[in-house]
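Dock chain B against chain A, hints included.
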Amino acid sequence: MHYPIGLLFDLLASSSALPWNITVHFKSFPEKDLLHCPSKDVIEAHFMSCMKEADALKHKSQVINEMQKKDHKQLWMGLQNDRFDQFWAINRKLMEYPAEENGFRYIPFRIYQTTTERPFIQKLFRPVAADGQLHTLGDLLKEVCPSAIAPEDGEKKNQVMIHGIEPMLETPLQWLSEHLSYPDNFLHISIIPQPTD
Amino acid sequence: MPNSVLWAVDLFGRVYTLSTASQYWELCKDGQLEFKRVSAATQCCWGIACDNQVYVYVCASDVAIRRREEAYENQRWNPMGGFCEKLLLSDRWSWSDVSGLQHRPLDGVALPSPHWEWESDWYVDENFGGEPTEKGGWTYAIDFPATYTRDKKWNSCVRRRKWIRYRRYKSRDTWAKIPSKDDPKQLPDPFNDLSVGGWEITEEPSGRLSVWAVSVQGRVWYREDVSHSNPEGSSWSLVDTPGEVVQISCGPHDLLWATLWEGQALVREGIGRNSPTGSCWSIVEPPGPENGIMHVSVGVGVVWAVTKDRKVWFRRGVNSHNPCGTSWIEMVGEMTMVNVGLNDQVWGIGCEDRAVYFRQGVTPSELSGKTWKAIMAARECDRSHSGSSSSLLSAGCFFGDEVKGSGESAPSDTDATSEVERPGPGQHLPVESLDNSRNLKESLASGPVASRTAEGVIENACPTEGGPGLASTPAVLPWTNIDLKEPKKVPSHSAAGFPETTGLSSMGLLPLGLEEPYGAEDHPLWAWVSGGGCAVEACYVPKWFAAQSGLSPSVQTLSLSIMPAQTAAWRKQILQQLTERTKRELENFRHYEQAVEQSVWVKTGTLQWWCDWKPHKWVDVRVALEQFTGHDGARDSILFIYYVVHGEKKYIHVFLNDVTVLVPLLSEGKHSFALYTPERTRQRWPVRLAAATEQDMNDWLALLSLSCCESRKVHGRPSPQAIWSVTCKGDIFVSEPSPDLEAQEHPLPCDQMFWRQMGGHLRVVEANSQGVVWGLGYDHTAWVYTGGYGGGCFQGLASSTSNIYTQSDVKSVYIYENQRWNPVTGYTSRGLPTDRYMWSDATGLQECTKASTKPPSLQWTWVSDWSVDFSVPGGTDQEGWQYASDFPASYHGYKTMKDFVRRRCWARKCKLVTSGPWLEVAPIALRDVSIIPESPGTDRNGSSIALWAVSDKGDVLCRLGVSALNPAGSSWLHVGTDQPFTSVSIGACYQVWAVARDGSAFYRGSVSPSRPAGDCWYHIPSPPKQRLKQVSVGQTSVYALDENGNLWCRQGITPSYPQGSSWEHVSNNVCSVSVGPLDQVWVIADKVQGSRSLSRGTVCHRTGVQPHEPSGQGWDYGIGGGWDHISVRANATRAPRSSSREQEPSAPKEALGPACC
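Chains A and B, in that order, are what the protein sequence lines are. Under the UniProt record's numbering, the first sequence has 36 at position 36, and the numbering climbs by one with no breaks. Under the UniProt record's numbering, the second sequence has 584 at position 584, and the numbering climbs by one with no breaks.
Be aware that a few hints might be false.
[Stated by the list, open to error] Mimicking DSS-like on lysine-lysine, the simulated pairs with C-alpha atoms at most 30 Å apart in a straight line are: (1) LYS729(B) to LYS1029(B); (2) LYS911(B) to LYS93(A); (3) LYS729(B) to LYS40(A); (4) LYS911(B) to LYS69(A); (5) LYS27(A) to LYS603(B).
Note that these hints are calculated values from the structure, not bench results.
Isolated chain A (complex conformation) (with noise of 0.2 Å):
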């Protein structure tokens, strides 16, 4: 699964001790399950399309098609070298919207449950409400994942994970996608159990 490490944290072993044991296997690649990835630049290709794909659900692609080469370029290696500012110099163009917008046209998230067979959850929501209103990160959830959320006087089963921390489900969601994207520009969500301590 190619997931960001993040993610796979968050989703599998957020309640293991620290620090997380990795087991790296050398042979016997899981060809039916994995995409082998032969080349650097076959990664930099997947990542590049999430970038994409992202930015269609924000901007109709228009703000990523009017960059240049060497802005995918810069975006790429800001992330590969670790270097924040160089990622973001071109990353924060990803994150505007119009000023007559209160928000992207839609936002880019994928929400992941280790209950379910489905690899995760996407569809097109907006950030603003017809009526105006922001959506939160509860109203979400409602619309696309009810059975994550717990009833309104029932027992939390479900934790909601954005790189390691909980937000508060009235945190809006506009908010969260410009500040807790990764960096392929999509808001992953982790939904798992309520650890039973």
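The following block gives chain B in isolation, referenced to the frame of chain A:
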């Protein structure tokens, strides 16, 4: 890109300018006059005021407009009294012009108009063809007219000397009335329209302008002799027309269109360099028979027109060869007028709303553009109440406290923000009423309109209330009660702006009437616009429309409709959780070692390699770069090149810490670069590699450069001591000098210097050790270094994130058209079988046709068409031909009986756009620049850094206000000279030396921090029979270079006699010289022989330069070839002297004597 301005006139005749960098219309500095029409060029703007007089507004510049007046004093020898003023009866006047035919007494030379002033009194010119004359400037001859010499001989019967005096144009930044002192009979009747153009017909320095005007009676006039140096021109001359003309438009090049009263257009044919007024008219019919043309405007290759029904038309197929074009195309929109400016960009004034519109999307490939867009700029005077909302929006920081704070204090939604933007009437009324009552007074008090028609006053004053900003609530405004009421309603179909109705009347009479609702909008009402001085690049649009479009930063997060309390809650929680997470996941593991300590990674690819064996050719190779990271974090890299020769696999490898420079090569077809090591520098044989695409090459170059810099631990901005150099391709390199580079004993061989590339494109770079670095482009644009690094092909890691700007450069490509004379047909393009190509390069060896000639490399694109170059050395005839007896020979600009061949030079401009740490220093273009070097130990705290320059016109300039913090300085101080200069250099002790165009040198006296421009020039003859072209002054030594590549050192310089006594020959074979603050001498040598090949343009270091032997002993050869320029003037570091220095002078490292091949 430098800022330029758009000129416009509003309905009340006030002239405004809008800068490409601004969002506000600024009222013209000289706001007293009211205007009907303006027509702008980059340097000046011509206009017709409401008094029907013509005015010119010359924009202020740091360089004065000065003209030289000359008179000759002639004397004849007679046996009684020697030379005296008594001449023979048949002789010329004792005071005359150069030909001797005109009487010209000194006191009879008057200023041409009140806009000029004398700079000084008359004085004798003691410079005669680059040589100083003695005895008061007299030159001798046998008789008038004859060849004069500066030596008096036994048969010298007559003598003469030249008196010169300068006058200076003083009426700048103000409207100067064009004096109408022409013959009263011929005095043109009042003017109705006027157009300025034609500046591209001739190039600098003549800089001629074509000024055309139309009188009320429909006649066309041309203003003679208008140029940069004569902004007013001399007189009006009538140009016959087949009909009554109402309006005229002159493009930057050779297009000239006019409209006739009957609605057709007139097109002038035959305009060119030799005939600025053209030869004949042809008529172009309007788009429809009943729909006459009302207005035309032309550019370089476009014609736009407005017909009487206000429709806008574009003329298809217009160019120099076919100025009439082919057909009309109707465009969207209704306009009262359109105007074509620089780059064929188009502006118009909307018919309904009287707003200025800009045509968007006009590009060389799509000259008709895409859409009209209204310019939303406010006027300067409205600025006070158009509060900005930007102050409310703080930058998008992540979790800072200030975000929270302002989030709470900010208005809770966007509506509130916009309310702040538009304050209620109560808030801005005081300002408003003040403004308007002032305007009112002004218009009442001023202007010929006021005196001519009382009605006009009311008209003029009244609409002010409809002016921007306040009209939203006109009823509330207290002063509407004044007896001004509403503007007089004039039916709009009375055709405002029609020449026939406006004829003599002022624009103030234009109807506002039915358009009243528009007056309520927040924009001024315009009558006329001129973009002739406004350079808008097709790719870069000014911020005039910012209010409407674009993605604004997402910082409005703050104004989202969330309750502050909630804001606090979710924000606080996220912040807190993140802090906890960081603690949990990172802090407890601080003591863990980095998992990855050593790494090897490899980039591989396919390139082509210029093989080492004969026959040399490009062969395909596999290339691999292996990078290691050692325990200490230091990286090292090896580049492997795998090739196959005779079926055998082989490889060569290069350690990147051994590489001294990576340089892109100039090649028409290949993306190639060269890699040098000290060994390969000595052999003059670099590793040449070529990539398939530009991207591929840039990737490799960037990666290899980064690896080289890492292995040498060089990063960030260059130090202030850095040595700068430029290749013939315009690429910029910089090297960090090691202290032993200038050591007296065993200096570091300069082939071991490591050079890294900086982004940008320049011809010349000059630096000093305080970090002030200036560059000059091929198009003479001046640039100042911003302190960044990278740019160009170095994106991402090898580049600083700020201080990198777009940079462009323009240069010309030249080809030659060759012809041979034969007795039957005269000159034809059929040569002898042994002749050179009929279209060739300058040497005649390469065939270069117009169609096949490409820009110098793939980075360049054509920006003009081929045109004849008249500025070649030797002169040309009227069609640009140069004649000679045979190829190749010396050419002259006139035909003689012995000439059997001729050639002419064609030039085509191409442009390159790149990026780098450079900012333009507008607006004066420079030919040379020099910054004072810092001699070791001096401390010049506080005083500004002396910087001298020579402009592309040959003016000598001194920059004021240059400091380490403000390297660009503030303004130019013009230093007067008697002739154009070509080169200047300032030494560490404020010795300013310069070279004039006649090849002689000048020393400027008394230059000091308190007297930055010095007092006078001392003429210094050039070495015998040589014309100098460049001079460079170090701490004390002075070096000069002549046109034949000889390097000269000035001897006999002492503190009391800084001019020195004589020139000593140092070396031949030199292209350019740089003398540093340690008196170190570096040159670019023309040809240097290596073990494997010859290289042109090699950096060389003079060895054995000692205080008592300033000319040195030999040369040490460094990087090359293909280098064009070097500046060592920032390097003032020297290793401490060893004690043994005095015992014996160190032997030169390499061959003694001049470098040659």
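Each hint, compared with the structure:
| no. | hint | verdict |
| --- | --- | --- |
| 1 | LYS729(B) to LYS1029(B) | holds, 21 Å |
| 2 | LYS911(B) to LYS93(A) | holds, 29 Å |
| 3 | LYS729(B) to LYS40(A) | violated, 34 Å |
| 4 | LYS911(B) to LYS69(A) | holds, 21 Å |
| 5 | LYS27(A) to LYS603(B) | holds, 24 Å |
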